[in-house]
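**Q** Input sequences plus hints: build the corresponding full structure.
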Amino acid sequence: MTFLTVVYALLFYFAFAVLVGGVGYRIWLYARTPSPLKIPTTPAPVTRSGVALRMLKEVTIFESLFKSNKWIWLFGWMFHAALFVILLRHFRYFQDPVWSWVSLVQPFGKYAAFAMLAGLGGLWARRVLVDRVKYISAPSDHLMLALLLAIGASGASMTFVSHTDIVGVKAFFLGLMRFDWQVIPTQPLLLLHITLVALLMIIFPFSKLLHAPGVFFSPTRNQVDNPREKRHVADWALKLEADRSK
Amino acid sequence: MADFEVPELKEYPVIPHLKEGVMAHSKPFIAKEQFQEQLGFPGELVDDWEQIAIDKMGELKGKYRSLQVFLDSCVKCGACTDKCHYYLGTTDPKNMPVARQDLFRQVYRRYYTLAGKYFPKLVGAKDMTREVLDDWYSYFHQCSQCRRCSVYCPYGIDTAEISMAAREVMDAVGVGQKYCNEIIGKVFKIGNNLGLPEPALADTLEGLEEEVYEDTGVKVLFPLDVKGADILLVTPSADFFAEPHVDGLIGYGKVFHEAGASWTISSHASEAANFGMFIGSYENMRNVSLRIREAALDLGVKRIVFGECGHAWRVAYSFLNTLAGPFDFLDPDYPIPQHICEYTYDLIQKGKLKLDKSENDHMVLTFHDSCNVARASRMGDKPGGQFEIPRAIIKAACNNFHDMPDWGIKEGTYCCGGGGGLLTDDLMEIRVKGALPRMEGLKQVVEEYGVTHMAAICAICKSQFAKVLPYYGFTMDQIVSVHQLVSQAIVLTPGEDEGETNDEPAAGSEDAAES
Ligand code: SF4
Ligand code: SF4
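Chains as they are written, first to last, in this note's numbering: chain P, 1 to 246; chain A, 247 to 761.
Hints listed in this document are in silico derivations from the structure and should not be mistaken for laboratory results. Cβ atoms here follow ideal geometry from the backbone N, Cα and C, with glycine treated the same way. Worth double-checking, as some hints may not be accurate.
Stated by the list, open to error - Pairwise CB distance ranges (calculated):
(1) D249(A) <-> H142(P): 33 to 43 Å
(2) P366(A) <-> D180(P): 36 to 46 Å
(3) E279(A) <-> A118(P): 55 to 65 Å
(4) E283(A) <-> L238(P): 22 to 32 Å
(5) E257(A) <-> A17(P): 51 to 61 Å
(6) P716(A) <-> K230(P): 42 to 52 Å
(7) G463(A) <-> L238(P): 52 to 62 Å
(8) E457(A) <-> A242(P): 45 to 55 Å
Stated by the list, open to error - Partner residues aside, some chain A positions facing chain P, computed with beta carbon under 7 Å:
(9) H263
(10) L264
(11) C323
(12) S396
(13) Y401
(14) P629
(15) G630
**A** Right, here's the structure in full:
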């Protein structure tokens, strides 16, 4: 057991706890907060299944974003889709044996790194070059892009530039999951990559990355348009009913 | 004509470069003590207002999921930045929806998030200061709560929700807006926004009956406070006196007449508008809505029909059941409440209205989708009915109709510029500038198809356009009501001893009278 192993093991337990606890708390908060009025943005579906379809389109093809701006859509979608494939590819470091579809994803996941970097680059370019987007950007918005780019670049380098000891990496993470710690490989690129990932996990629940759970709770998108058919009253509003004369 | 520069009309809305602070001076008059207090708000800026504002913000985000989720979810992608008519018309960056939200979000972050507490500069968090409050007062009164931004945001973030919350916080510390708050007071005291008392209302309606009789030779009734009527009509008080609104009201009367319906207006609820929504106050919105319930119960009606008004229809369609329901004492065979366009459309579908389209041949029409109808309500039973039904009515009443370009109709419609409680003379500059994209759409069909008139189904739109059209080289009478078109085209069925002036008695009048 090396000192580095202990540090990284503890870091990842901590990061995981913050991510799950933090996002879990946010989800609990959103779920608990009432939406006293029906405010779907119309034309809105009039059935539950229609809402499910609307939501599915929002999170897979970014329908509203497509309507608003083709460049943001292109870069944003490229980044998210690539990230998704890359995440699937990373499953192999956490499973033994590896599911067969995870193996199938591997080659796609490798090259998706370029799409991810290109998407992020495009988004960042807009943030610097378009005066409107520049105006609304805070330092944290730039830092977030920098962090994601650094994660992508360090990850891609391990595939395309200087290979890392993936057997050792896998052993380390499986060990973490089984509470049977294994020595962590010490290549600098790898350590950089996973440090940044841990950082991202820790920042997640305190940042705008909350858009990920948030989108599912957005009343303008997730409400059924049926206010005439169904009365919709929040608990705090029900209390007002007591003072009603008739 | 104006002491500000009226923007130049382009072919279509062009995204302008930012000019910071150019609209910071635009502020509505502040509500006086008496008007604040009658709504249950402090009369003037309270001591310790910073803390009260922060607490109110906390209370609201606990009560409204929309607020909590919207404050957390924005990624500053910029997709909404060019979607607001006030930004396009003024070039002021704080009129970009996300920047407007950020005026509120910066305070939320400072007091309610870890990042904002410990690293305010990093995430753009700010203390609640006088300067912030002044910005709020300016820019949350440059949002008509039209929700155009919410259509285009990938998370459906609706700046209107944030404007409403900000206005409620401002009311809670004693800085209310005069126009809205004074009007809500009038509704509570007298029954409508205009402060028309019952006798004046009765006079007006009698006058209308005479006017229609003189014009057509047919006795069309405009009944007030008739107990036992089937239908309660609730319509914006603008319909009772001003052009072109009143022409719409005459249209509803004629439609009811042809349907043989028994209907009435109520002096207790002689107003469909509900400015409680504009100031974000659930309680006030609820109290205004309850008048309608009381009127329906007192008069013993079976149905409630709403006249042409955008935000009134939003409150009616989306909120009335919630705020003042359940309406189990009404006839469940009809939508509760129903829009006058749904009512008229239904009759047209059933062939119960005879419309002579040629009566409107002197006009070439286009239709302005009012923002609250388009993006916050529905008509009929299918999504998008609110776009189809008014157009179907116009086409049934007129021969010449052309839609404005796609970028500014239906759910992408541009607000008239006067909604959300901005329809006041003290805000003329923002109203004129905010109308820019709509005027560009209108210009296009005027040039391409020779459009002469624009029809709308919202009292605020109609008032706003009547005032604003001249700034852009159009005339104020180019805005018309949809039911005004119906009114002109409708062929009335005379009663037994009437109709001498009608040279052509209507065919099919018998089954119309039966319905
Ligand atoms: S609601 Fe309408 S007026 Fe307000 S920011 Fe959005 S687009 Fe602009
Ligand atoms: S479109 Fe939505 S997420 Fe993007 S900047 Fe505007 S409000 Fe934020």
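**Q** Does the structure break any of the earlier hints, and which numbers would those be?
**A** Hint check: nothing fails, all pass.
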